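Novice: Given the coordinates of chain S, assemble chain H onto it according to the supplied hints.
For reference, the chains in residue letters:
2 protein chains.
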Amino acid sequence: MTVSPAAGPVSASALMTPAARVGDSLAQVDTPSLLLDLDRFEENLRGMQVLAERHGVALRPHAKAHRCPEVALRQIALGAAGICCQKVSEAACFVEAGIHDIHISNEIVGPAKLAMLARLARHARLTVCVDHMTALQDLSQALVEYDATIGILVEIDIGQKRCGVQSIQEAVKLGKAAQRLPGVRFTGIQAYHGGIQHKASHDQRRQASEAAAKRTARFVAAFDRAGLQCDVVTGGGTGTVMFDVASGVYTEIQPGSYAFMDGDYGRLQWGDVLTFAHSLFLLGTVMSTPTPKRAVVDIGLKSTTAESGLPVPAGLPSVQCTGLHDEHLLLLAQEESQRPALGSRVRVIPGHCDPTFNLHDTLVVLRNEQVEALWPITARGYSW
Amino acid sequence: MTVSPAAGPVSASALMTPAARVGDSLAQVDTPSLLLDLDRFEENLRGMQVLAERHGVALRPHAKAHRCPEVALRQIALGAAGICCQKVSEAACFVEAGIHDIHISNEIVGPAKLAMLARLARHARLTVCVDHMTALQDLSQALVEYDATIGILVEIDIGQKRCGVQSIQEAVKLGKAAQRLPGVRFTGIQAYHGGIQHKASHDQRRQASEAAAKRTARFVAAFDRAGLQCDVVTGGGTGTVMFDVASGVYTEIQPGSYAFMDGDYGRLQWGDVLTFAHSLFLLGTVMSTPTPKRAVVDIGLKSTTAESGLPVPAGLPSVQCTGLHDEHLLLLAQEESQRPALGSRVRVIPGHCDPTFNLHDTLVVLRNEQVEALWPITARGYSW
Chain S
1 MTVSPAAGPV SASALMTPAA RVGDSLAQVD TPSLLLDLDR FEENLRGMQV
51 LAERHGVALR PHAKAHRCPE VALRQIALGA AGICCQKVSE AACFVEAGIH
101 DIHISNEIVG PAKLAMLARL ARHARLTVCV DHMTALQDLS QALVEYDATI
151 GILVEIDIGQ KRCGVQSIQE AVKLGKAAQR LPGVRFTGIQ AYHGGIQHKA
201 SHDQRRQASE AAAKRTARFV AAFDRAGLQC DVVTGGGTGT VMFDVASGVY
251 TEIQPGSYAF MDGDYGRLQW GDVLTFAHSL FLLGTVMSTP TPKRAVVDIG
301 LKSTTAESGL PVPAGLPSVQ CTGLHDEHLL LLAQEESQRP ALGSRVRVIP
351 GHCDPTFNLH DTLVVLRNEQ VEALWPITAR GYSW
Chain H
1001 MTVSPAAGPV SASALMTPAA RVGDSLAQVD TPSLLLDLDR FEENLRGMQV
1051 LAERHGVALR PHAKAHRCPE VALRQIALGA AGICCQKVSE AACFVEAGIH
1101 DIHISNEIVG PAKLAMLARL ARHARLTVCV DHMTALQDLS QALVEYDATI
1151 GILVEIDIGQ KRCGVQSIQE AVKLGKAAQR LPGVRFTGIQ AYHGGIQHKA
1201 SHDQRRQASE AAAKRTARFV AAFDRAGLQC DVVTGGGTGT VMFDVASGVY
1251 TEIQPGSYAF MDGDYGRLQW GDVLTFAHSL FLLGTVMSTP TPKRAVVDIG
1301 LKSTTAESGL PVPAGLPSVQ CTGLHDEHLL LLAQEESQRP ALGSRVRVIP
1351 GHCDPTFNLH DTLVVLRNEQ VEALWPITAR GYSW
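Residue numbers (this note's numbering), protein chains in the order written: chain S, 1 to 384; chain H, 1001 to 1384.
Everything labelled a hint here was simulated from the structure, so no lab data went into it. Predicted model, so just to flag it, every value in this text is computed and none were measured. You may find that some hints are simply not true.
To be verified - Restricting the straight-line Cα-Cα distance to at most 27 Å, the calculated cross-link-like pairs of lysine-lysine (BS3-like) are: (1) Lys1214/H - Lys1173/H; (2) Lys293/S - Lys1161/H; (3) Lys293/S - Lys1173/H; (4) Lys161/S - Lys173/S; (5) Lys161/S - Lys176/S; (6) Lys161/S - Lys199/S; (7) Lys1199/H - Lys1173/H; (8) Lys1173/H - Lys1161/H; (9) Lys173/S - Lys1293/H; (10) Lys176/S - Lys214/S; (11) Lys199/S - Lys214/S; (12) Lys161/S - Lys1293/H.
For reference, chain S alone in the conformation it holds in the complex (with noise of 0.2 Å):
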């Protein structure tokens, strides 16, 4: 090679250009690039509080699904209740950006964490999952070190088999030591089924949603009986919120891909209550069309994934994603006039949300095909 490079350092920064500025248009968007289309998504931010309010069941969306503090305010301007976010770093993340109700519906172990927590919770009113009487202890010995307060949800496994408890006996001993424990206070239980907000069939998640609420009400009226006042009763995701509202069952509902509509939830029946708009997209650049039904767009599994299904063309009926590598996209199309072109533009819908939104540091906000914003997603990488 008879390359000669220029002597001395050079930073990235004066190297790069970013890949996009607020002003540009779609077309000056640099790829790959995370888009949010601020109309759909204004929209499903509506039509999911409207859900809410008309059964007078609190919302408090999902903040694992985005990671982005713009958007959390957004749905807590528009009602919610606050958020939920599943790790204790994470939730650091949405307590600087002024959020200051916040559940983490998750379990929380190990000495660093609860620190972390218990500090945490002398700025914002908090909420934790727990499923574990040494968990609990752990817990309320480091609250009150720390001398904050937190409330306490007893997770419940309904169905899910992942975390949670699996007795009422155990779940109603869990919340009389929450009742009595120094730092910790009583307020309800979680009652959350990831797998069933998947189930494709409009009529199967109602079933499962029933049978979900019903297995939760047992535990409520145990709970009662005992003398634990459940104030909070939380679970319910995107694909059976329209049934958990109905429920009687829930206080509180926390879907989270509702804002964005993925490919996956795309994919279900819906009924005709509540519908979404898919909002989020990849922009994405042909880079290579090396046979006529071939082409490969600059998306990989470093700005997407792919375990909940390829991404999904967009505007594009007859072109299919056939793979997803870790730079590449390979798209194939039915017939040759229908192949994208060379330096054309795609979009796609990302399989997944919550983990696309965290392999990205900057949401692409669009109005009218122009960029209006650029939202940090703040909590990108925070699992701790």
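Specialist: Chain H only, in chain S's frame:
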């Protein structure tokens, strides 16, 4: 709830403890964290370097596997000729870190990217793949504009069915144009087949590598007849390098995963010539033990990926990983006595190292179970 949040703004950094600090014992590292066993890693690096030198082939390890300049600098210190990157912004991070010989093993299309690439070429010896005449012409024009030069590797499709020209005639045409156009210089061929890297049987990989080398050799001969000398014939990955180096066709190999050995490569059948040790782990904490045989660990799709198989528990032969959710890893023990206890720490081998690295900002580098260094994964998120 009775919690009274403290008034006033609060910064996340004030609330948050970093997951690891230099000098920490392994027991002090918070979870989930991405760990590198430095002894095994260094042994892997030496093994591959020795193999390449024994066969007189250049080693140009792929940095897409890790996106971490500290890794690349160690490979170069041992004798690697430079590195491969897949994206321009990714390469810029490595140039900033002082690495000045980079092959971009991918097609680069679009004005913003070409301008970025041309600017980068003023600071580093670059080569890049091309598989289309228009793309080559656009590249040449951008380089002339920035008064820079770049080496061209014509990418040929040797069976992967991704990018790359299909016919010898088309390849030679591109090579001749690269020889003729300003700002670019014909340098050789990229012949990479990702799919065959992962065939489980050693013999099947040998046969596939031999077939790929044979096809590549036909292109090299045609270039030669056309007066185009291939200074570089680059290809090969962790699964086939032992055959690629002996083929007499490749001047350069570009493996990446060998330094870490993920779960996917770990499942392959390996011969006597070359073996690599698992050096990369995710550290997790058991946060729930809801049933006698089930343990739930705080690792999820936000800290590793599932598209190449679930993570593999390390040092727990009777424990199987049965699921990976956004922030939950499900473990199932064969016997109750083998289930990890609540609060205990678990190491798992990630299924696929490349996208796993891309989820972390920091690599926690261990020697003798102590944190010797924290290596920034500088190019994490740089995919444009």
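Novice: Take the hints in turn and mark each one as holding or not.
Specialist: We went through each hint and held it up to the structure:
Proposed proximity of Lys1214/H and Lys1173/H is supported: the alpha carbons are some 21 Å apart, at most 27 Å. A C-alpha spacing of about 12 Å is found between Lys293/S and Lys1161/H, which places the hinted pair at or below 27 Å, so the restraint holds. Only pairs whose Cα atoms come within 27 Å are accepted, and Lys293/S paired with Lys1173/H is accepted, the gap being roughly 22 Å. Simply put, Lys161/S and Lys173/S have alpha-carbon atoms about 20 Å apart, close enough for the 27 Å limit, and the pair holds.
Annotation: proposed proximity of Lys161/S to Lys176/S holds, straight-line Cα distance about 24 Å (limit 27 Å). For the hint pairing Lys161/S with Lys199/S, the CA-to-CA distance comes to about 16 Å; that is within 27 Å, so the pair holds. The straight-line distance between the Cα atoms of Lys1199/H and Lys1173/H is roughly 33 Å, outside the 27 Å bound, and the hint therefore fails. Between Lys1173/H and Lys1161/H, the direct Cα distance comes to roughly 20 Å. Compliance with the 27 Å bound is thereby established for this hinted pair.
Taking the CA atoms of Lys173/S and Lys1293/H, the gap is about 22 Å. The hint holds against a cut of 27 Å. The hinted pair formed by Lys176/S and Lys214/S meets the criterion: a straight-line CA distance of about 22 Å does not exceed 27 Å. The suggested pairing of Lys199/S with Lys214/S holds, with an alpha-carbon distance near 19 Å, which does not exceed 27 Å. Of the supplied pair hints, the one linking Lys161/S and Lys1293/H holds, its CA atoms being roughly 12 Å apart against a limit of 27 Å.
In summary, the structure is inconsistent with hint 7 from the numbered list given earlier, while agreeing with all the others.
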